[in-house]
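Colleague: Spelled out, the chains give:
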Amino acid sequence: MSKMTQRKSLEYIKKDYKRTRTLPGSWYLASYKFKFNITHMKPFLEKLKEKKLIANQCSSCNRVFFPPRLVCGKCFVKPDKWVDIRDTASVSTYAISYLKDPETGEVQQRPMVLVHHDGADTTSIAELAPDVNVKDTYVGMPIKVHWRDERTGGIMDIEYYDKVDDDSDDLRYKK
Amino acid sequence: MQKVGIVGYYQVKLYSDANYGRYEMIFEASRGALDKAGLKKKDISTVISCTNDYYDGRTISNCFTVEVGGGYMADESKVEMDGAHAVLYGLMRVLSGNHNLAVVWGGSMASCYPYHAARLYETDPTWERPLAYVNDITSAGFQMRAYMEKYGVTAEEIAKVVVKNKKNAAKNPLALEEAQLANLSVKDVLNSGIYADPVTELMVAPPCDSVAALLLAPEKQALKITDKPVWIKGVGYNQDAYYLGDRDLSGCKSMNLAAKMAYSAAGIKDPSSEIDVAELFEAYAHEELIFAEELGFADKGKGAEINSAINGDLPINPSGGALGGNPPCGTGLIRVIEAVKQLTGEAGEYQVKGAKKAVASGQIGMCAQNNILYVLEGN
Amino acid sequence: MGRQVAIASAGFSEHASKRSDVSMPELVSEAIEDCLKNAPSVELGDIDAFVNGNMPAFEGANIPELWMTDWMGARNKPLLRVTTGGTTGGSVAIAGYYNVTAGLPGVDTVLAVAFEQQSQGDTSVGLASVAYGEISILNTLGVSYDQLSRLLSAGAAIGVAAYQATTYMNKTKTHEEDLARVVVQNRRNAAKTWWAHLKMPNLTIEDVLDTPYVQYPLRYGMVCPASDGACAMLFTTEEKAKDMCDIPVYVNGVASVANETAVLGYDGSGSAQVDPSMQLGAIRSAELAYSQAGISFPRKEIDYAEVYAPFPNQELMWTEKLGLFEEATAPEMYKAGVTAVNGELPVNCSGGVNSTNAIGASAMERPAEAALQIMGKASNQVPKTVHTSIGSGWGGSLNLITLMAMSDQPQRKWR
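Chains as they are written, first to last, in the working numbering: chain W, 2 to 176; chain E, 6 to 384; chain B, 5 to 419.
Don't read these hints as lab results, they were simulated from the structure.
Treat the hints with care, since some could be wrong.
[Claimed, not checked] A few chain E positions that, by computed beta-carbon distances, are all more than 12 Å from chain B:
#	residue
1	Glu72
2	Arg98
3	Glu127
4	Asn188
5	Lys258
6	Asp275
7	Lys307
8	Gly383
[Unchecked claim] Okay, the calculated beta carbon distance ranges per label pair:
#	chain 1	residue 1	chain 2	residue 2	range
9	B	Gln385	E	Asp40	16 to 24 Å
10	W	Asp102	E	Glu182	37 to 45 Å
11	E	Glu182	W	Ser60	31 to 39 Å
12	B	Lys246	E	Glu161	55 to 63 Å
13	E	Glu161	B	Asn80	30 to 38 Å
14	B	Ser383	E	Asp40	52 to 60 Å
15	E	Asp40	W	Lys53	29 to 37 Å
[Said to hold, decoys possible] With a straight-line cut-off of 25 Å between C-alpha atoms, the simulated DSS-like cross-links for lysine-lysine are:
#	chain 1	residue 1	chain 2	residue 2
16	E	Lys18	W	Lys82
17	E	Lys358	E	Lys233
18	B	Lys203	W	Lys164
19	W	Lys79	E	Lys41
20	E	Lys233	W	Lys34
The beta-carbon is built from N, C-alpha and C at its ideal position, and this holds for glycine as well.
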């Protein structure tokens with residue numbers, strides 16, 4: 002072993018120190034600020050007030066980003082076009098989270114879904130309508146935007162997604 | 006060591022509170038460097054980023070920067086030290102022959118967090134942090150005092166470094182506006198607020214917002230991309246002991262060893278005559294003098310006697326150095342970029358005439374515990 | 005062109021849920037001790053440079069390698085720190101490789117160390133703060149914190165894995181028993197590995213399926229533990245490695261490729277991956293590493309694989325994506341025992357991440373264990389002779405995949 006560092010052998014460490022000293026300490030994330038620019042989001046947020054969905058598109062690879070993105074990673078340029086997209090979507094994938102209510106102790110089952118809008122090439126995370134049964138969720142389930150009554154130009158103008166009846170039985174694969 | 010060329014760079018202007026989003030700034034730097042070299046996304050083969058979780062307020066701070074840094078489907082990694090260390094990893098990757106173009110970017114936004122408080126997390130959590138008597142400023146105070154006492158250097162001589170660097174920064178359009186002080190006097194420096202005696206406010210490199218990016222390519226590709234590549238002739242890096250009591254604070258052993266490694270790789274025998282310009286990361290004014298001595302520019306204790314102005318014998322920090330703005334994780338990278346500018350003759354008002362060989366350094370840790378030094382040469 | 009790199013040794017510390025008997029630097033020391041024990045001719049003084057990495061936010065110490073300088077023996081030596089989140093270990097191992105292959109003067113032998121002492125910090129805070137910035141941004145865009153907490157629970161590593169599992173199971177028509185079978189194999193293997201954390205020699209598929217869901221379709225019994233531990237690897241040049249050990253393991257291919265961010269993109273821009281189990285990053289990583297190593301038929305040429313899979317569905321997914329099995333056939337292979345210790349292509353004989361997960365270290369334990377299998381020094385040694393092996397790593401929502409391909413033969417020179 003190097004003389005300079007004077008390292009003790011493992012046995013010595015284990016014999017002498019039954020427990021290391023512990024001291025409290027925390028990472029004060031509250032003292033941090035996070036900066037971001039919403040210029041690329043502005044037109045999208047404005048259109049939400051009119052119950053319209055727009056997405057930006059990279060003219061180099063023609064991918065449509067919904068929600069809008071700052072940069073197309075594939076082409077490494079800023080997407081420069083805006084396109085309208087429909088309010089219908091499908092469930093790209095989902096997971097069910099089990100959240101315990103701290104007061105009642107009741108376990109709430111909510112599917113968190115990745116929503117793939119028709120006409121878009123990216124997905125976003127969202128919630129399904131409260132009346133959708135957890136057991137009925139499946140990959141590829143057609144859904145539709147449920148607008149909030151009072152829209153303020155924020156992402157939450159899309160309150161949740163409603164289930165749309167799917168009559169194509171062959172696509173159906175339930176869990 | 007094979008020749009590796011620096012073929013492009015870009016630095017976002019330093020702001021004390023930038024009107025930028027984080028990802029926008031990273032994109033501007035990486036895209037800017039690519040555009041300057043006239044390259045496309047598909048030319049990138051590897052991306053090395055340099056951020057710090059504690060400086061960004063995020064675990065895995067490189068998690069969301071893949072797209073904006075140009076790392077999509079490229080071999081990607083992150084160095085959590087100074088930007089200059091990220092250049093080292095990029096250099097290694099190019100030297101391995103696996104990669105033809107490395108993008109190195111680094112930097113963060115100091116306006117988003119309390120910089121000196123965040124640096125407290127670097128201290129030993131059992132002994133030093135609970136007492137908080139050692140942080141980066143007080144340890145700099147220890148170091149400055151030790152240096153002054155041992156060699157009889159006065160505070161005025163150290164304040165002169167600040168005056169010189171802030172004057173240089175005034176000529177650098179990318180330097181921090183608050184640090185561009187062309188009419189600063191030694192008295193102003195000594196009379197500014199005391200941080201940890203003898204360190205005063207103006208002797209501390211002001212943390213600010215910026216991201217910088219650099220492109221590295223092997224010899225063959227570098228000559229295809231640009232007529233004026235800057236070659237990395239040597240690199241040395243070293244780490245000293247952690248506890249301040251284990252070190253000789255009046256000097257900097259890790260910088261000495263790093264310089265030895267870099268000089269032997271570059272074949273430099275007499276640094277003070279062979280090197281034309283130095284860009285050193287001095288987090289505190291006195292560090293510039295200590296580094297200059299350890300780099301062999303002057304005898305021990307005689308660092309203040311070097312004529313280090315832009316038109317002097319050995320210009321040090323013609324760009325203003327870290328005293329002209331210190332974006333955490335980006336400063337060392339910016340030092341390399343400034344040295345490159347000097348060698349390609351793109352430095353404008355603060356151009357050193359006839360610069361052929363330059364050194365650039367980066368550091369992390371209390372009292373510059375870990376240092377890295379590059380020897381660069383123009384084409 | 006770079007130099008040929010060889011692994012001379014690898015070592016582990018003991019892993020447990022709480023290593024309160026040692027501090028963070030002592031834990032690292034333990035792994036280095038074990039690593040140097042495997043290569044008796046090497047002393048700390050022979051090491052020219054160090055590479056170090058962990059996930060600093062999990063322990064509340066920023067750049068901890070400054071502090072543990074003396075515990076590593078790195079005083080007055082070159083040191084580089086690499087961290088990439090969940091793949092930190094893999095990235096550190098790859099950085100160790102690049103340190104040697106670059107051929108910087110005076111840097112021949114490199115010790116790479118990765119560690120994590122999760123019991124020292126709050127892992128849930130560490131994980132939540134991955135997206136803390138993004139979440140605050142979404143909040144200013146009008147998403148309430150109440151809703152965000154629900155979104156966040158789905159956005160952490162287990163959420164990403166659950167998304168992957170849902171699509172994977174849907175695509176390949178597999179069932180929960182298939183996932184449980186992977187877990188059983190891993191935990192039983194872990195029982196034979198001295199440093200592993202969750203050792204369950206008598207676990208059955210029914211036991212796993214008896215546990216409640218954490219997040220559908222993943223159950224408690226399928227999820228990796230949180231461990232404390234460290235791992236060290238010794239990289240050196242071809243010539244020096246021959247003196248240091250009997251069977252040097254040559255590193256022939258490395259890659260670390262990330263896809264675009266999934267689930268929660270930057271600035272709340274969503275996921276670019278419509279199908280989370282597509283794993284373009286893994287496919288590209290495998291392409292890069294195999295082409296460097298000259299592996300044309302991974303299924304045939306690779307004898308042993310260590311795949312980074314905290315959740316069982318990922319082990320199935322990545323064995324396919326890394327080219328070890330055909331698409332959608334991995335569950336059958338596990339059923340047929342191909343991946344068992346005495347099988348045709350043993351996978352994760354150390355128990356894998358599923359049994360031991362010291363986050364910063366676990367991505368390095370994969371190539372380390374894969375190298376030990378070639379050397380014949382692994383604690384759960386496979387009966388057949390291993391010539392070529394791989395070790396992979398996976399990180400978080402952007403699906404950064406690190407991959408290291410190793411062999412007992414040096415790289416073919418045609419490259």
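Colleague: Would you mind marking each hint as holding or not holding in the structure?
Modeller: Hints, one by one, checked against the model:
At the 12 Å boundary, the C-beta of Glu72(E) falls inside the reach of chain B, the nearest C-beta of that chain being 6 Å off. A Cβ of chain B approaches the Cβ of Arg98(E) within 12 Å, the least distance being about 6 Å, so the stated non-interface status is violated. Not every CB of chain B is more than 12 Å from the CB of Glu127(E) (nearest about 5 Å), against its label as outside the interface. At roughly 38 Å, the least C-beta separation between Asn188(E) and chain B is larger than 12 Å, which holds for a residue marked as non-interface.
The claim that Lys258(E) is not at the interface with chain B is violated, since a C-beta of that chain comes within 12 Å of its own (minimum 6 Å). A cut-off of 12 Å between C-beta atoms confirms that Asp275(E) is not in contact with chain B; the least separation is 19 Å. No beta-carbon of chain B comes within 12 Å of the beta-carbon of Lys307(E); the shortest separation is about 24 Å. No Cβ of chain B comes within 12 Å of the Cβ of Gly383(E); the nearest lies about 22 Å off, and the non-interface call holds.
Evaluation of the 16 to 24 Å hint for Gln385(B) and Asp40(E) yields a failure: the beta carbon distance comes to about 54 Å. Under the hint 37 to 45 Å, the C-beta atoms of Asp102(W) and Glu182(E), about 53 Å apart, miss the expected range. At about 36 Å, the CB distance of Glu182(E) to Ser60(W) agrees with the hint of 31 to 39 Å. Our hint of 55 to 63 Å for Lys246(B) and Glu161(E) holds, since their Cβ atoms are close to 60 Å apart.
Against the hinted window of 30 to 38 Å, the Cβ-Cβ separation of Glu161(E) and Asn80(B) comes to about 33 Å, which satisfies the hint. For the pair Ser383(B) and Asp40(E), the beta carbons lie near 53 Å from each other, so the given range of 52 to 60 Å is met. One distance hint, 29 to 37 Å for the beta-carbon pair Asp40(E) and Lys53(W), holds here, with the actual separation near 35 Å. The straight-line distance between the Cα atoms of Lys18(E) and Lys82(W) is roughly 28 Å, outside the 25 Å bound, and the hint therefore fails.
As the CA atoms of Lys358(E) and Lys233(E) are separated by approximately 16 Å, the hinted pair is consistent with the 25 Å bound. For the hint pairing Lys203(B) with Lys164(W), the CA-to-CA distance comes to about 44 Å; that exceeds 25 Å, so the pair is violated. Restraint check for Lys79(W) and Lys41(E): satisfied, since their Cα atoms lie roughly 17 Å apart, inside the 25 Å limit. Between Lys233(E) and Lys34(W) the CA atoms are separated by roughly 41 Å; this puts the pair beyond 25 Å, and the hint is violated.
Consistency with the previously given hints fails for numbers 1, 2, 3, 5, 9, 10, 16, 18, 20, ordered from lowest to highest.
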